[in-house]
Amino acid sequence: MGNALMNFTINGQSVEVEADIRSSLLDLLRNSLGFTGTKKGCDQGACGACTVLVDGERINSCLALAVQYQGRSITTVEGLGSDGALHPLQQAFVEHDGFQCGYCTPGQLCSAVGMAREIERNIPSVVTADLSAGSVAIDETELRERMSGNLCRCGAYNGIVEAISETLGKMQEGARA
Amino acid sequence: MNPFSYERAADAAAAIGLAKGNTAARYLGGGTNLVDLMRETVERPEMLVDVTGLSHKIEPRSDGGLLIGAAATNTALAADAHVRTQYPLLSRAILAGASAQIRNMATVGGNILQRTRCRYFYDTAAACNKREPGAGCDARDGFNRYHAILGASPACVATHPSDMCVALAALDATVHLDGPDGPRSMALADLHRLPGDRPDIETELKPGELIAAVELPPLPFARRSTYRKVRDRASYAFALVSVAAALDLAEDGTVRDVRLALGGVAHKPWRASAAEAALKGRPADPESFRAAAEAELAAAAGLRDNTFKIELAKRTIVAVLGDLTGDEA
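Order-wise, the sequence lines are chains A and B.
Under this note's numbering, think of the first position of the first sequence as 1, with each following residue one higher.
Under this note's numbering, think of the first position of the second sequence as 1, with each following residue one higher.
Note that these hints are calculated values from the structure, not bench results.
Hints may contain errors.
[Stated by the list, open to error] Short, incomplete list of chain A residues facing chain B, as computed with Cβ under 7 Å:
hint, residue
1, E57
2, V126
3, L143
4, R146
5, G149
6, K170
7, Q172
8, E173
Using N, Cα and C, we set each Cβ at its ideal position, and we do this for glycine too.
All chains, full assembly: derive it from the sequences and hints.
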């Protein structure tokens, strides 16, 4: 009960923080560590605004107890690009109007980066026709299904799909690296 | 959220030891359901024993079956090469559930033991016999579009929300349990209970028991199998009705063997035994499929908002069996 001293690697930096063991990873990132890029939408796993990467896999940080993720490597939207150098997907979101208000965008970005890695690892989706195939052919149906855990209340989905489609090849190279 | 202590278990024995004798302890998998319920104060554990350190191996057995560690993630199981080719209905069922983010977190054990998404169960201001025995049921005369049409009771009309379990029920999966009194095994189909007058008791697990592994027996004809989920939106929604099916056709076009289970219709994954019995030896055609569906749903009863699910379930059974015979109708 009470507080615990927890250790994480966040965006490549070792971090030690004392926090209430009831904290979600989302609240720990935002309130204890100031990584406010990660957003709280529904706080119940329905909207995807809180999506971050843990050891390269996308998860909903609102449903994750921080204490359970000690020692893991966490990437937030702040860790995708660097000062003055946007991640290619961020640049594509700008060019394709992949947002209006921007609240869901950090989750969309982290989710798409995680999705690229899943495709690289030949993880199927429910719309994948041939489960025995050695690779997944990505079309718009696949992409929309795989991104269905990220809602956009502004309805910028067409721009989001265009931005991800354009960048997917580059992200998969990144996942291989 | 109630205060709680947190312990991480390296294996099943350690987990059982940590939780032993503590009725306020709960085992924690990926947390995608339990953390949500704790935030709503529906669950108020005083101790969480993290069981994600249990086996996550997915191992083919010498008999052609498969042993799945309870800590395997939903993503890992759906993507497993053996599951994709030998038990495609299981891959498809898992992939029809939740979102990629949640499937990456959720464990096999946690998926099986997740609780209903009945909104009256979640709403602590509503009457719910499952949350508070004897309190009554606001779902029975409330918004019950997602509720049960088979096996319900006056006390409870909630449904089990898992897609994965529907496929496991169709496959005759065994759950390997472990607990203070030692290990035991039972059929997945016997693990979950119908609500009766005690909807708060959802499974046959004894106090302190956990799921250590799930075993699939070999079923060569499951290569011809699939899962269809009918829901209110194209992705990331719970089932109104779902059907898991595997079909073994004889050379003369009759049904040699069949497995059929329904989701979204009952308090547990619903093995459609009456439909299976009605199909065996019959021609694999729409008339036989419809007759089998009628047999299974003969005992169904609808509520205010969900009576449509009786016909929907019948049509989905016919459609899925049609898919498996190569009939596009």
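How the hints compare with the structure:
1. Annotation: E57 (chain A) was flagged as interfacial toward chain B, and the flag holds, the nearest CB pair being 5 Å apart, inside 7 Å.
2. Residue-level restraint check for V126 (chain A) holds (minimum Cβ-Cβ distance to chain B is 4 Å; threshold 7 Å).
3. Below 7 Å, beta-carbon pairs count as interface contacts, and L143 (chain A) has none with chain B, the closest being about 12 Å; its hint is therefore violated.
4. Of the supplied interface hints, the one on R146 (chain A) holds, with its beta-carbon coming within about 6 Å of a beta-carbon of chain B, less than 7 Å.
5. Of the supplied interface hints, the one on G149 (chain A) holds, with its beta-carbon coming within about 3 Å of a beta-carbon of chain B, less than 7 Å.
6. For K170 (chain A), the shortest C-beta to C-beta distance to chain B is roughly 20 Å, which exceeds 7 Å, and the interface hint is violated.
7. Nearest Cβ of chain B to the Cβ of Q172 (chain A): about 16 Å, over the 7 Å cut. The hint is violated.
8. With 7 Å as the threshold, the beta carbon of E173 (chain A) stays out of range of chain B, its nearest partner Cβ sitting at about 20 Å, so the hint is violated.
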